[in-house]
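A.B. asks: Heads up: the protein sequence lines correspond to chains A and B, in order. Going letter by letter, the first sequence gives residues 1 to 234 in the working numbering. Going letter by letter, the second sequence gives residues 235 to 863 in the working numbering.
Hint data in this document are derived by calculation from the structure and do not stem from the laboratory. Each hint should be verified, as a subset may be incorrect.
A partial selection of chain A residues facing chain B, derived with a Cβ cut-off under 10 angstroms [to be verified]: (1) Arg46; (2) His72; (3) Glu73; (4) Arg76; (5) Asp77; (6) Tyr81; (7) Phe89; (8) Thr90; (9) Glu99; (10) Gly101; (11) Arg147; (12) Thr148; (13) Met218; (14) Glu220.
Computed cross-link-like contacts, BS3-like style, restricted to lysine-lysine with a CA-CA straight-line distance of at most 27 angstroms [as the list claims (entries may be wrong)]: (15) A:Lys64 with A:Lys105; (16) B:Lys423 with B:Lys521; (17) B:Lys521 with A:Lys105; (18) A:Lys181 with A:Lys105; (19) B:Lys815 with B:Lys762; (20) A:Lys128 with A:Lys181; (21) B:Lys364 with A:Lys64; (22) B:Lys521 with A:Lys128; (23) B:Lys613 with B:Lys762.
Just so it is clear, the structure is predicted and the values come from calculations on it, not from any experiment. All C-beta atoms in this analysis are idealised placements derived from N, C-alpha and C, irrespective of residue type, glycine included.
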Amino acid sequence: MKLTVQDLNSHYGPAHILFDIGFEVGEGEVVALLGRNGAGKSTTFRSVVGLVAQRSGRIMFEGKDVSASPTHEIVRDGLGYVPEERRIFTDLTVEENLEVGRQPKRPNAPHWTREKLFALFPNLGEMKNRPGGRMSGGEQQMLTIARTLMGNPSLVLLDEPSEGLSPKIVEQMVDAILTMKKEGVSIVVSEQNLHFARLISDRAYIIERGRICFGGTMAELDARPDIRDAHLSL
Amino acid sequence: MAFYVVQFLTGLASAASLFLVASGLSIIFGVTRIVNFAHGAFYMIGAYIAFTLTERFSGAFGFWGGVVVAALAVALIGVLVEMVLLRRIYHAPELFQLLGTFGLTLMVEDLVVLIWGPDDLVGRRAPGFKGAVDFFGQNIPSYDLFLIVLSPVVLGILWLLFQRTRWGVLVRAATQDRDMVAALGVNQKWLFTSVFAVGVFLAALGGALQIPRDAVHHAMDLRIIVEVFVVVVIGGLGSIVGAFVAAVLVSELNAFGILIFPKISIILVFLVMAAVLIVRPWGLFGKPEAAARKTPGLTVNPWRPLTSNERLAALAALVVAATLPLFAGNYALTVGSEIAIFVIFAVSLHFLMSVGGLASFGHAAYFGLGAYGVAFLAKMAGLPMIVCLLLGPLLGCMGAAVFGFFAVQLSGVYFAMLTLAFAQIVWSIAFQWVSVTGGDNGILGVWPEKWAASPSHFYWLALGVAALVTIALRVMVFSPFGYALRATRDSLLRTEAVGINAKRIQWTAFVIAGTTAGIGGALFAYLKGSVFPDNLGISLSVDALVMVLLGGVETVSGGVIGAIVYKALNIWLVSQTDLSKLVLGGFIVLIVVVFPKGIVGMLEMLAQRRRKASPPGSPLIAKPIESAE
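Please model the complete structure; the sequences and the hints are all you need to start from.
C.D. replies: Written as structure tokens, this is what we have:
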């Protein structure tokens, strides 16, 4: 397994957010983490990369226990994270944003260069020197993904990449994610949009109120409309 | 005309050191969000080490090598400080960071005297820049010309460093979003350490380059840090260009201010700063900071009225305190009076900090103004003591009204720096305006009248006033005004949204706290029989902060307990050791790192833990929280 999460519990102050979360991602797989707003998707991702201070449980990445590692080490091991809020460095240009994400080549992961990324996201190539603050939401979303790919990750956590984007940009996003998959990057994508998830994912988990309540292939999910309707707003 | 040109050039030369130190402070703040109070101390150590090295090694190589090696050595010290102290307090409230680095400053002040002695040290001239250049009959030291060229060169190097290197890009990224930088695989720890090292290097270089111009002495840290705070407030914290422009501006204002107001040249700088703050509260080149979102659960104990048992206990404590004259001697009574006065002082700051959320770093200004008010009324107008005690604090009230108006336009570290700068300005006026304030000699012979002259009577007076003031402030906390003030502390935006004029509420609180401090100062003048500039100095302001922190900001009785413990400890300490600053500084650092919640906070936490131990699993934790993200 590429990534195995077991018994993950997270707290913000006195509030218990995640309860015994467990999921797996295989080599080269695209796995969707589905759930409503506030279900705990972002917290799950933040916990996996160590951005939530109060967490417990086992997180195995490429056979290594990273549950106690600091964020930057987890990321350097090849686990990339694309936050939901995008968090572009608004004062930095597109190229400088990419530079922040740059990490050395990794043997077991595709190697991304600026040129390759500009081919994947042509819009970015046209605005290399534009400050991140003066880009549209869709362009910023592409830049966050490109920035994370500059670290040559073997697995990427993509937090709601389709949120707030126009249908045309969403299409581009689907293409980009499928290209990433083809290159050999494993992906966990959190989504509220089942339609979007279906286009890219091999398997899916459903999270509700901080608990995983379903796990299976997309076909298995389609066979259980009761679960789908109870936990996902379509 | 030539004279003015030379004056202008002198100003530019003075700007060099100021710019180096201020840019270092700005860079460090940008990434770590720490306002490094110890920056002045690093500047001073840089000067001392450079002095030693340039004396030891002769020639041009000895001098310039000595300057650079000194700056590098201090940068190394900075790295140690960052790794040992700052890493522990990055996530602490900014007040603790300011205090922790201030504690460090105190320690350094005693250490340099231990190592280099208390006397001023005059360094040697820079080789190659010993002479002067003639300019239409006026002399300009050639070293000044060197400094004038140096600052834009340093500015250029810094610009290249930040725009053209990977390190610079990472630093700029971290300035905006540290967590995201970590989430991209950058080790924040080393980034912070390297940034701190660069900032400290700049400060130490500023100090080392100053030795051919000025004597090296053990108070140069406070002098520069206040000017640097003014510079970064004007230029905008975090902006290097802002630091450059503001350093030049402040230095020129000083250079020409001396011609206009020879005695109180600092007034001019103050007026410019006030003007900038009104137009651009975040400085000329700074960016407005997004309103900080308070972490929920930061205020563990909301204020509540005392229970009847607690009221009885407080009353009993007061009665016990009032019986002190029955068995204690005169010395103990004088100490008792002083402690009571400092309870007033600490309680007033505690009110401002814990209820208003405004951490003033210059609260002694209003304490001292109250003292000076009494001294003026008693010595110059010859008014009776009661009248003086009633009217004297009004000077503190007026000072708080003027300075508070500007201060509440800002928040957080800017507020802290501005209040500190104001206090230092008041101190400078008291120190320099000799014809009115007596300068360093102070105003002597402010003795109480017969009815209050005996130690026991004065003690009762001080105790009574302290009790009244504490009760009055507590009543205010539970008045509609107190609720409004607490609302501004917890969320400025929401307070405005429900129709409260937040700035006015904060201003009122500032004036109340200042006036209360003035009452303490008024009593203090009578207790000591004299008033000195030290009564409004920085160290007294910090004493007040330490008292509040020691007691615990979040606690109800923090101000009172903190004042009693700290003052008693302080008086005892000064009688025991000559190195009181070293011990005190170490003590402050210790509080900040080990007991961030203060004495009362610690006791409450222990009590809570004991309570929690019995019923396991509070209902709060079992309930899933809606706002998971």
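A.B. asks: Are the hints correct? Go through all of them and say.
C.D. replies: Against the structure, the hints come out as follows:
no.	hint	in the structure
1	Arg46	holds, 9 angstroms
2	His72	holds, 5 angstroms
3	Glu73	holds, 8 angstroms
4	Arg76	holds, 5 angstroms
5	Asp77	holds, 9 angstroms
6	Tyr81	holds, 5 angstroms
7	Phe89	holds, 5 angstroms
8	Thr90	holds, 7 angstroms
9	Glu99	holds, 5 angstroms
10	Gly101	holds, 5 angstroms
11	Arg147	holds, 7 angstroms
12	Thr148	holds, 7 angstroms
13	Met218	violated, 25 angstroms
14	Glu220	violated, 26 angstroms
15	A:Lys64 with A:Lys105	holds, 19 angstroms
16	B:Lys423 with B:Lys521	holds, 25 angstroms
17	B:Lys521 with A:Lys105	violated, 37 angstroms
18	A:Lys181 with A:Lys105	holds, 18 angstroms
19	B:Lys815 with B:Lys762	holds, 22 angstroms
20	A:Lys128 with A:Lys181	holds, 25 angstroms
21	B:Lys364 with A:Lys64	violated, 64 angstroms
22	B:Lys521 with A:Lys128	holds, 24 angstroms
23	B:Lys613 with B:Lys762	holds, 14 angstroms
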